[in-house]
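Undergrad: Single-letter residue listing:
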Amino acid sequence: MQDVGVRYGAVPALAAISLIALASEVLVLVGPNGSGKSSLVRSVAGIQRHDGQVGFADPQGPRPRSSVRIGYVPQDIGSRTALTVTETVLLGRIGQLGLRVSDADLDAVKAVLASLDVLHLAARHLGELSGGQRQLVFLAQALAAEPDVLLLDEPTSALDVRHQLEVLEIVRSITAERGLATVVVLHDLNAAARFADRIAVLDGGRLYGTGAPAATLTAAMLGDVFGIEAHVAVHGDGRPSVTPLRAIRGRTAA
Amino acid sequence: MVGLVVTALSFVVDVATGPAMLPLRSVALSVVGLSGDATVDAIVWAIRLPVALMALAVGAALGLSGALMQTILNNPLASSYTLGISAGAGFGAALVIVAGPPLWLTEGQAIPLAAMAFAGVACAIVHLVGRLRGATPEMLVLAGIALLFLFQALLSLLQFLASQEALQQIVFWLFGSLQKATWTKISVVGAVVAGCTPFLVRDLWRLTALKLGDERARGLGVEVGGLRLRALVLISVLTGAAVAFVGTIGFIGLVAPHIARILLGEDQRIFLPGAALAGALLLSMASVASKTIIPGTLFPIGIVTALVGVPFFVWLVLGNRRAYW
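Quick note, the sequences are listed as chains H and P, same order.
When the letters of the first sequence are read in order and numbered with this note's numbering, they come out as residues 1 to 254.
When the letters of the second sequence are read in order and numbered with this note's numbering, they come out as residues 255 to 579.
For the record, the hints were derived by calculation from the structure and aren't laboratory data.
All residues carry an ideal CB built from backbone N, CA and C; glycine is no exception.
Some clues are possibly wrong.
[Said to hold, decoys possible] Here are some chain H residues pointing at chain P (derived, C-beta under 10 Å): (1) Leu22; (2) Ala23; (3) Leu27; (4) Ser67; (5) Thr81; (6) Leu83; (7) Gly92; (8) Leu97; (9) Phe138; (10) Gln141; (11) Ile228; (12) Ala230.
Taking the hints into account, I'd like the entire structure generated from these sequences.
TA: Below, the structure is given as structure tokens:
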């Protein structure tokens, strides 16, 4: 994407962000509340009016947006519905569904539910599920689309720590297996450190920096962007972990 | 399937009952053309069959429009009646009754046309609110409720200004009645319901996606604004056609979708036909009740729908306490 900017009325949410997400790579967006992470993801998903350009390309050259399948999972704000899990995941394949659902579509739904270990929920109503189960179902919906680009906005916010690890593992392995370009918004910096191939840090609608986890998640960045004093340790595998110590006085949260 | 059988049964009972207290055998013979009694034939073919069929057609139109309304606004309280579309149609009809029809139309033609036109106006206003930047389904619901009060106020004004005779006519029209059903009117309502079907079939999965909320539907590639507009056009046509010939009948459009949702879920491929069928059944049962509560007396159908439907609805809701909303 090049020079992507978003405004809500007169308020700029994003200013001229230029960023590339590569195939087979998990790019994690981090930043404080209101830093523009969701606006950026929505711009790529094609549901946010924006300035600048969002482009897609493969080794043969640029691809038109219409030829790129995007799986987008927004932040979960709940939705009141009597749809079942199967119906919800089927919607991921909305472009090819007819009045009668084909066996191939149903099989694809079952396969993706099984891969996320939630096949037993297939006949349940969405309204009966826990927040974590819902997030897995919407991840399944995005994967059922067999996407080229996977956009996940805080996919683990309602999950316990074990399910967080599981979901992020699945996202990373599917990204590698299928050659997806995956962009994930995460609040949990340690999860970002563990699972990102690359991290992009947003601050006040601008790109603060991008790079490998150890290069971006530094004590200096955490002070500048998040307004916290933190201890950052880099482990044997080259990945950092962050221990927040205290908020820096004089900084106001965004 | 069970719904179809029950609705067919209700239709048969509807044809078999009436103030004329005809024996069941002569009604049955007349229906198959073997009665030989001109009076019986006249009652069955000019009154009972049209009324019974009109109940099915209008009930289906109201059930379908209510279901669409609840889907596109993602709100269980939405229906043509609660969001001012029916009130708009009622105002249109009352306007013709008070001011008289235009010269080139009879009152019988002008009232339905005005009712349909004002149902369209009400839907257009809801649509225009939806086009405002940042409009949410909640804003559309509020716009609908505001319209309800606006048209009710205008209607009260018309009633205040109307002559005694016109006032009586307005009040009777607002009660809702199937008794003026004719084969032509049934054909119009039936054609409208049938005509809307192909347009709905195209959008069934997109409407289902809308049940996950606007953001998720957009994420799935649904052009939400265009979908709402198409649905609103169908709602105005369905409501206009239903209300135009039988007056404002509440409750069906609100409750039929809930019955379909509880029994069938919200996959719109089965939910929408289910709501149409539930609407047809409810109005058919109400038609039977309107003739049998006090034998020999016809109650206005608009009064009876709620009396029949509420107990049935309460039983369903209490039996299925799943959190859908």
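Undergrad: If a hint holds in the structure, say so; if it doesn't, say that too.
TA: Cross-check of the supplied hints:
Given the 10 Å rule on beta carbons, the hint for H:Leu22 is violated: about 22 Å separates it from the nearest Cβ of chain P. Using the Cβ-Cβ criterion of 10 Å, the hint placing H:Ala23 at the interface with chain P is not satisfied: the shortest such distance is roughly 21 Å. Annotation: H:Leu27 was flagged as interfacial toward chain P, and the flag is violated, the nearest CB pair being 18 Å apart, outside 10 Å. With a least beta-carbon distance of about 13 Å to chain P, the hint placing H:Ser67 at the interface is violated under the 10 Å criterion.
Hint on H:Thr81 holds. Least Cβ distance to chain P is approximately 4 Å, under the 10 Å limit. About 5 Å separates the beta-carbon of H:Leu83 from the nearest beta-carbon of chain P, less than 10 Å, and the hint is met. Interface hint at H:Gly92: satisfied, since its Cβ lies 7 Å from the closest Cβ of chain P, which is below the 10 Å cut-off. Given the 10 Å rule on beta carbons, the hint for H:Leu97 holds: about 5 Å separates it from the nearest Cβ of chain P.
For H:Phe138, the shortest C-beta to C-beta distance to chain P is roughly 8 Å, which falls under 10 Å, so the interface hint holds. The interface hint given for H:Gln141 holds, since its Cβ lies 8 Å from the closest Cβ of chain P, which is under the 10 Å cut-off. Evaluation of the H:Ile228 hint against chain P yields a violated restraint, the C-beta minimum of about 30 Å exceeding 10 Å. Annotation: interface hint on H:Ala230 violated; nearest CB of chain P at approximately 33 Å, more than 10 Å.
Hints 1, 2, 3, 4, 11, 12, counting from the list given before, are not met by this structure.
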